[in-house]
Amino acid sequence: MQAALPDWNHAIRGAKPQCATAIRNIVLPLTGQETLPAIPVARKLCELYRATLHVIYVGEGLSDLREQPARFGLTAEDVRGAVFDQASGEPPAAVTRLARELPEMLIVMSTAAGQQNENNRFGSITESVFDAHPPRAVLVPPERGNVTWTLQRILLAHDGTPISDPATGPAADLAQRARAELTALHVAARGEERPAARGSIAAPLYVDQPHHEWPAWAEEFMKRVLAGGAPPSSVHFRLAVTGGQAGSEVAAAARERNADLVVMAWHGHWDHKDCATRAVVRGAGCPVMLVYSAG
Amino acid sequence: MNRVPSPVDVSPDIHGGRAKSPCERELQARDPALSVLPSNFCTSDPRWLLLDEGFTLAREHETESLFAIANGYMGNRGSLAEGSRLSAPATFVAGIFEQFDTPGSVPALMVLPDWTGVRIWIDRRPLTMQQGEVLEHRRILDFRHGVLWREWRHRDSDGRITRLVTFRLASLADRHLLLHCVTFIAENYNSVIRFESSMETTDLNVPVRVPEWRPERNASRPNVLPLELEVPGRHETVAFGLASQLLTSSRAAGRRAMYKDRRKIMEACEVEVRAGTHCHLHRLLSVYTSRYHSNPFARSMEHVRDVLSKGVAAEAAAHAAQWESRWNSADIVVEGDDALQRALRFACYHLISAANPDDGRVSIGARTLSGAAYKGHVFWDTETYMLPFFIYTHPRSAEALLEYRYHTLEAARSKARSFGFRGAMYPWESADTGDETTPANVIAPNGEVLRVLNGELEIHITTDVAYAVWQHWQATGDDHFFQRFGAEIMLETARFWASRGALEPDGFYHIRHVIGPDEYHEDVDDNAFTNLMAAWNLRRGLETAGLLQERWPERWRELAARLQFSDDEVSSWQSVAAAMFIPFDPETLLYEQFSGYYRKQHVDLKSYEPRSAAMDTILGHDAIQKTDVVKQADVVLATFLLWDEIGPEVRAANFRYYEPQTGHGSSLSPSIHALLAARIGDRHLAEAYLKQAAEIDLGNNMGNAAGGVHAAALGGLWQALVFGFAGFRPRSEGVSFAPALLPHWRRLSFPLQWRGRRLQISMEPAAIRVRVSGEQPLRLSLESSSDVMASDGHEYVAERTESGWRAWQAVRP
Numbered sequence: 000m001q002a003a004l005p006d007w008n009h010a011i012r013g014a015k016p017q018c019a020t021a022i023r024n025i026v027l028p029l030t031g032q033e034t035l036p037a038i039p040v041a042r043k044l045c046e047l048y049r050a051t052l053h054v055i056y057v058g059e060g061l062s063d064l065r066e067q068p069a070r071f072g073l074t075a076e077d078v079r080g081a082v083f084d085q086a087s088g089e090p091p092a093a094v095t096r097l098a099r100e101l102p103e104m105l106i107v108m109s110t111a112a113g114q115q116n117e118n119n120r121f122g123s124i125t126e127s128v129f130d131a132h133p134p135r136a137v138l139v140p141p142e143r144g145n146v147t148w149t150l151q152r153i154l155l156a157h158d159g160t161p162i163s164d165p166a167t168g169p170a171a172d173l174a175q176r177a178r179a180e181l182t183a184l185h186v187a188a189r190g191e192e193r194p195a196a197r198g199s200i201a202a203p204l205y206v207d208q209p210h211h212e213w214p215a216w217a218e219e220f221m222k223r224v225l226a227g228g229a230p231p232s233s234v235h236f237r238l239a240v241t242g243g244q245a246g247s248e249v250a251a252a253a254r255e256r257n258a259d260l261v262v263m264a265w266h267g268h269w270d271h272k273d274c275a276t277r278a279v280v281r282g283a284g285c286p287v288m289l290v291y292s293a294g
Numbered sequence: 000m001n002r003v004p005s006p007v008d009v010s011p012d013i014h015g016g017r018a019k020s021p022c023e024r025e026l027q028a029r030d031p032a033l034s035v036l037p038s039n040f041c042t043s044d045p046r047w048l049l050l051d052e053g054f055t056l057a058r059e060h061e062t063e064s065l066f067a068i069a070n071g072y073m074g075n076r077g078s079l080a081e082g083s084r085l086s087a088p089a090t091f092v093a094g095i096f097e098q099f100d101t102p103g104s105v106p107a108l109m110v111l112p113d114w115t116g117v118r119i120w121i122d123r124r125p126l127t128m129q130q131g132e133v134l135e136h137r138r139i140l141d142f143r144h145g146v147l148w149r150e151w152r153h154r155d156s157d158g159r160i161t162r163l164v165t166f167r168l169a170s171l172a173d174r175h176l177l178l179h180c181v182t183f184i185a186e187n188y189n190s191v192i193r194f195e196s197s198m199e200t201t202d203l204n205v206p207v208r209v210p211e212w213r214p215e216r217n218a219s220r221p222n223v224l225p226l227e228l229e230v231p232g233r234h235e236t237v238a239f240g241l242a243s244q245l246l247t248s249s250r251a252a253g254r255r256a257m258y259k260d261r262r263k264i265m266e267a268c269e270v271e272v273r274a275g276t277h278c279h280l281h282r283l284l285s286v287y288t289s290r291y292h293s294n295p296f297a298r299s300m301e302h303v304r305d306v307l308s309k310g311v312a313a314e315a316a317a318h319a320a321q322w323e324s325r326w327n328s329a330d331i332v333v334e335g336d337d338a339l340q341r342a343l344r345f346a347c348y349h350l351i352s353a354a355n356p357d358d359g360r361v362s363i364g365a366r367t368l369s370g371a372a373y374k375g376h377v378f379w380d381t382e383t384y385m386l387p388f389f390i391y392t393h394p395r396s397a398e399a400l401l402e403y404r405y406h407t408l409e410a411a412r413s414k415a416r417s418f419g420f421r422g423a424m425y426p427w428e429s430a431d432t433g434d435e436t437t438p439a440n441v442i443a444p445n446g447e448v449l450r451v452l453n454g455e456l457e458i459h460i461t462t463d464v465a466y467a468v469w470q471h472w473q474a475t476g477d478d479h480f481f482q483r484f485g486a487e488i489m490l491e492t493a494r495f496w497a498s499r500g501a502l503e504p505d506g507f508y509h510i511r512h513v514i515g516p517d518e519y520h521e522d523v524d525d526n527a528f529t530n531l532m533a534a535w536n537l538r539r540g541l542e543t544a545g546l547l548q549e550r551w552p553e554r555w556r557e558l559a560a561r562l563q564f565s566d567d568e569v570s571s572w573q574s575v576a577a578a579m580f581i582p583f584d585p586e587t588l589l590y591e592q593f594s595g596y597y598r599k600q601h602v603d604l605k606s607y608e609p610r611s612a613a614m615d616t617i618l619g620h621d622a623i624q625k626t627d628v629v630k631q632a633d634v635v636l637a638t639f640l641l642w643d644e645i646g647p648e649v650r651a652a653n654f655r656y657y658e659p660q661t662g663h664g665s666s667l668s669p670s671i672h673a674l675l676a677a678r679i680g681d682r683h684l685a686e687a688y689l690k691q692a693a694e695i696d697l698g699n700n701m702g703n704a705a706g707g708v709h710a711a712a713l714g715g716l717w718q719a720l721v722f723g724f725a726g727f728r729p730r731s732e733g734v735s736f737a738p739a740l741l742p743h744w745r746r747l748s749f750p751l752q753w754r755g756r757r758l759q760i761s762m763e764p765a766a767i768r769v770r771v772s773g774e775q776p777l778r779l780s781l782e783s784s785s786d787v788m789a790s791d792g793h794e795y796v797a798e799r800t801e802s803g804w805r806a807w808q809a810v811r812p
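As you go down the protein sequences, you meet chains A and B in turn. Residue numbering for the first sequence follows numbering that gives the first Met the number 0, beginning at 0 and increasing consecutively. Residue numbering for the second sequence follows numbering that gives the first Met the number 0, beginning at 0 and increasing consecutively.
Read the hints as simulated data drawn from the structure, not as lab findings. If you're wondering where the values come from, they're calculated on a predicted model, not measured in any experiment. Incorrect hints may have been included.
[Said to hold, decoys possible] Between beta-carbon pairs, the in silico distance windows are:
id : chain 1 : residue 1 : chain 2 : residue 2 : range
1  : A       : Glu255    : B       : Asp100    : 36 to 46 Å
2  : A       : Asn119    : B       : His683    : 34 to 44 Å
3  : A       : Arg79     : B       : Val448    : 24 to 34 Å
4  : A       : Pro214    : B       : Gly232    : 45 to 55 Å
5  : A       : Gln114    : B       : Gly103    : 56 to 66 Å
6  : B       : Gln600    : A       : Pro102    : 54 to 64 Å
7  : B       : Asp337    : A       : Gln114    : 21 to 31 Å
8  : B       : Arg655    : A       : Gln114    : 56 to 66 Å
Built from N, CA and C at the ideal position, the CB exists for glycine as well.
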């Protein structure tokens, strides 16, 4: 009558949804000197993902770029192993076309690509590329300069709604590849209604006893986030909560914590007033990975 | 064909309301040869049901809490039997706390082995929501009968359609019994089905005993599987006996097998089924502990065999009858507001489920037996927020809860001594022993380690316990209970207050270094709530001593000798109470919440609206202490508890002053504000706060019921209706009412018990009716109307006119 227990959970594990975290191709649009700071970021990400770098050159003289990269401010190391593609037609359309053709693709580009806009907008090419809602992209602020980029601290901005879940897997995956510290940041917002999406877990409205409520809430938050993104268990995953306006708080936390990368979900629109995504990209002082989430 | 269920698949929602498909639970009743249920076991009235339609993985922990079943002795979360990525199945026994020998460890309600696991294999493939297509899925909590239902219709990747109907209950008639029944129907296929019923402990820190046991060889008699655990940090064991019984409509005999290792026991049964066959798996779990039984293992095994011999149907019927009885004395009906109606029944269901009238050595934790949050610890929540429900609907349960405070008096005395005080200083948090169990530190959201001061400074819990004792005695008139259990609490708490503060040169008795109910302000002096209630406690202590001397002199002599009370000490309480510093301004009619409150930085809370988090999260722990933001009802709560001692203008002035400054950062706050707003006639605020109170657990976006339901908020909701909107107040000779119904309510009715009389109150916009039963008459009062002495068997009616109420008229029911 005694026998080994059947492994029921094996069947369950096999049925778990796998999070799409793999990246095989990284697309780097080059439009001029202002876009060069994106290169170290793209190179490092290629190394971490073991991905192929695709340089999209917008302008004349692609062969010069291939053969004499120094004329463009690049080193031979910057473009080693890269695939070059010269954009024909409108640069954003070329980037979008290539991005669609390449499987498991990530765009890395400067916020300042193209003609500079007034007000809060990014470069014209950057804006147009994002109009097409790339599934995953890293925006690099030009002010960081063309210097070596390391990845030791990742900040995952999570608003507690299921819309943010798609960012979790990529953040955790990248943290594991880079052996980086990962902190999930949740901002308890002022002036905003509680999220209505089912399965949301915003900061608690009732904190009856903080010494019980916060550890319990943090555990629940992390379990939901993990269930949504299934990161590897080896990742060092912390949770931090602050109060205030979401965009400015995430940006401030990124600076205070010397984050090397912010990862956040992006709803696909950022032209509304007080858009948190723009505030983070503008103010974080580090590259920001946007993971498109249709919600 | 493969499809993982998601929110868009099955339109999930938690609400009342009937399932969209015909009530599958009726399947149980259609098969009389196999059904274990009485014919009237199902209800389709949405006002008695909580329904979770579909499946949302992210909400699973919350759903498990809301759909928990319990009977005061045991509780079981509403987890999925086959599990999911976020499932956290848990069973608890009241009073069973584990404590590990690690620094900073405090006792925690022990999570017992998962006994709910039922895994089904169809042709060696597991039936799971992660594979195939979920055609229908819902969980239904039937408040009326105390039953958790689950209906699941599933198509696997080969097109086989399976229907499952399960129910689970924690018997209210036999508190050691949990019952789980699964009905399986192969709709369109023939196959071999394998049922695996298991009980498993996953906590490797828990020592497991392996009882001597041999499986039965007779296929017609179910095995009783044993498991016994030692409770870490306690000299206690918990024993389980689990039996599984498989019946099929085709009468097919299954093949059974046992699997057992140190931490898991499982019984598997394989049976060949044809399309349309119904298989019924009945699972019975008996739990006993060594707290009350010398051989819990033998008792649990014997108990299961007894139940099997009597039949599961008889147990289910007894359970249903008990719930019927409890609802007869507790159900509040609000006609015209179905959402509120459901919230009220949800509240009453969880409160009834949480209390055990047969055990005076346990109390109700902040999250009941529905979750492990707050570690099962007992707070003032029980006495101030939950107890009134029990006092007026099931006094025996109230007595058991107060007995817990009596049995833990020695620990409260010990705590007082450890701080250099006299009398009894109740712990802010307590578990099985009554010792202080508040953790010493907490890690704040920003990572900072903060010292937790509540165990040392939030001392109002001592007077909250005393207030509860007195309230119980006033409402029940139970002299025996008062002099046997209550009086000692009244005396020892009064003694504490006489030692906790000091008479200072200004001639006042000050109580410094406290935390009031407004926990945003720590370590303050002369908190108005604390001082008002302490003075009340001192006076009632003095009154208790006088009553004992006059009416129960033998008991007084015994207490005075054992506790060394002198006449001088007792009489000094009057002067201490008279000298108590009460920060009251007769000009403004306001109580200053604590010394220096008015100097705090003003925050306009409206400028933060809408907001998605508590104010201390937005402003920060240190910053909020510098502001005048109040966490929860503090002075406002005192005006309710001491209603007869505080004038109407003062009550209204303080409500108007403090209500706008209250951030409601505690789930205990909205209900009390609804109550007060209803009483002072602010219908708009009353309605808004009532809605907020009703949604604390049931709102779909709160996210913090994952660790269990908010029991104090549930008790507060009941109080808001009865004490607030019905305006119920106990008086010395009877009861009074001041109805303040909302415009869309057609009727508000509820039962009450007062000093041995049973009342059924029914309020309509134009009339109030009270039916009275009980040997002694009582005085019925209505705001600004004449009283009437109401006697047994009569119904009394008062009609509303434009100018007030007409006099009571007696009518035969």
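May I ask which of the numbered hints given earlier this structure violates, with the numbers listed in increasing order?
-> Of the numbered hints, 3, 4, 7 do not hold.
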